[in-house]
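Visitor: If you're matching them up, the sequences are chains A and B in order. Take the first sequence: its position 73, counted from the start at 1, is 73 in this note's numbering, and no numbers get skipped. Numbers in this note's numbering are just positions in the second sequence, counted from 1, shifted up by 229.
In short, the hints are calculated from the structure, not lab data. Watch out, some of these pointers could steer you wrong.
To be verified - Estimated spans, in silico, between C-beta atoms of each pair: (1) S226(A) to E442(B): 50 to 60 Å; (2) G39(A) to Q294(B): 50 to 60 Å; (3) P26(A) to E337(B): 39 to 49 Å; (4) P459(B) to G204(A): 48 to 58 Å; (5) P206(A) to D402(B): 37 to 47 Å; (6) K422(B) to V227(A): 22 to 32 Å; (7) D477(B) to T201(A): 45 to 55 Å; (8) E8(A) to K397(B): 54 to 64 Å; (9) P206(A) to E442(B): 41 to 51 Å; (10) V137(A) to V286(B): 32 to 42 Å; (11) Q21(A) to L427(B): 52 to 62 Å; (12) G180(A) to K422(B): 32 to 42 Å.
Every residue, glycine too, gets a C-beta built ideally from N, C-alpha and C.
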Amino acid sequence: MALVLAPEVPLTDWLNALDAQMERSPNFFDARPVVVDLGSVPREQQGVAQFLQMLEQRGIRIIGTEGAHPSWDGIEAWGRPLPVSARPGREIEPPPASSTTAATTTQSLPPAESVPAGAEVNALLIDHPVRSGQSVVFERGDITVLGSVASGAEVMAGGSVHVYGTLRGRAVAGLAGHPGARIFCSKLQAELLAIDGVYLTADGMPAKAIGKPVQAWLDGERMKISVLD
Amino acid sequence: MGKVLVVTSGKGGVGKTTSTAALGAALARGGENVVVIDFDVGLRNLDLVMGAERRVVFDLINVVQGDAKLAQALIRDKRIDTLSLLPASQTRDKDALTIEGVDKVIAELREKFDWVICDSPAGIERGALLAMRNADLAVVVTNPEVSSVRDSDRIIGMLDSKTLRAEKGERIDKHLLVTRYDAGRAARNEMLKVEDVLEILSIPLLGIIPESEEVLKASNIGSPVTLNNPNASASRAYFDAARRLKGDKVDVVVPMQRPGLIGRLFGRRVA
């Protein structure tokens, strides 16, 4: 799923606000595809292409723009249409799971052995229901919800999503590019399931899985749902 | 120190004002000192339901802005002298309320009364947030239908994050009041069942108020239903709910339809 950024003029003020936001949640844009909506930028604005470059310098991965005006200098390089079927290439590989060989581990990371057993940093436990309108985002690992996820609520995890209750809202797993992530729930009534950008709405879910305890996973580019017995 | 209770729902028209008046009157009849506050600035109704619309001189905004003293704005009920009303302003809007002003008024009322009951406006904006801000406990009013249930769920989330108690890391007690429950329609599966509502919202049940003509009748003559007709089924349910609020253990009764002979013969075909 792509994020949409909608810059407002003056662009410098907007960039400052963005920097402040990124300081608070530094991993927010990690490897997530971003669409920049330029619809509210006036036609006479100068330096839009440079502005987009500045966004990329901040590590934001722009996959396309919307509402760009053709008269802007150098904008055609940014007006890339959104890939419809093909998924964008990943610039950042998912962090290696603890059991796999840590070939890519750089020296800045402590060796895996020094991490205390349990490694709770990679899991978020929510011991209450997720209410309508609430959004839980945890990019470093799995989310476990003890309770239901309401219609109109969303739970987004870098890893897998586990719901010990009824999943009525949205569940997004593998947020930062992790096709091995899965979604589990005790009762499926979800509005939307997504894993690594592949999504399925309620209409597309098999009728026999509705209301059942299920797991959802990715088989290539297709999402599979199976009933857990 | 009195308790501050917010009556809220998210959705409009589910019975917040009616329930505020009925619960307030029920608690006051039980000897408690009660004030009900209308937070619906600009669309005030509680004064009408309480039958005090011709007695409003000063209102919540005047007190918040320091133009009137609290004692000048409080209207004591003519039927029960332990029941008071702090009306909203009809000519202003919710922006006229300030956080500091509301906090100060509630703190003052807390000293004077056993129960401070805040009638929240619909919505999830400023007005509703100010109404719930100081609450110790909340009554979430819900009709047994999907849109009301989802809006209530949203409001419960806000009670857990946007109140002073939540900001201090404490929990706020939340109680579900199911209103406009129609036993006949429930039996025909035309309405959500109470257990389904409870399953979705997962907060304790305070009571089930049956749909009743008496509620409308009482509102129209400007009286809380619990005063106008204490023996009506809806009033009895409100009295039970008020006792549960005080901490008494009272079993919840699901209103049942007791149709007469004609009703039994034709009940399924009408409506």
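Visitor: Please go over all the hints and tell whether each is borne out by the structure.
Guide: Outcome of the hint check:
1. S226(A) to E442(B): 50 to 60 Å: 52 Å, holds
2. G39(A) to Q294(B): 50 to 60 Å: Check failed, 41 Å falls outside 50 to 60 Å.
3. P26(A) to E337(B): 39 to 49 Å: 45 Å, holds
4. P459(B) to G204(A): 48 to 58 Å: 54 Å, holds
5. P206(A) to D402(B): 37 to 47 Å: Since P206(A) and D402(B) have Cβ atoms about 41 Å apart, the given range 37 to 47 Å holds.
6. K422(B) to V227(A): 22 to 32 Å: 25 Å, holds
7. D477(B) to T201(A): 45 to 55 Å: 47 Å, holds
8. E8(A) to K397(B): 54 to 64 Å: 35 Å, violated
9. P206(A) to E442(B): 41 to 51 Å: Between P206(A) and E442(B), where Cβ atoms are some 46 Å apart, the hint holds.
10. V137(A) to V286(B): 32 to 42 Å: 51 Å, violated
11. Q21(A) to L427(B): 52 to 62 Å: Since the Cβ atoms of Q21(A) and L427(B) sit about 39 Å apart, the hinted range of 52 to 62 Å is violated.
12. G180(A) to K422(B): 32 to 42 Å: 40 Å, holds
Comparing the model with each earlier hint shows violations of hints 2, 8, 10 and 11; every other hint is respected.
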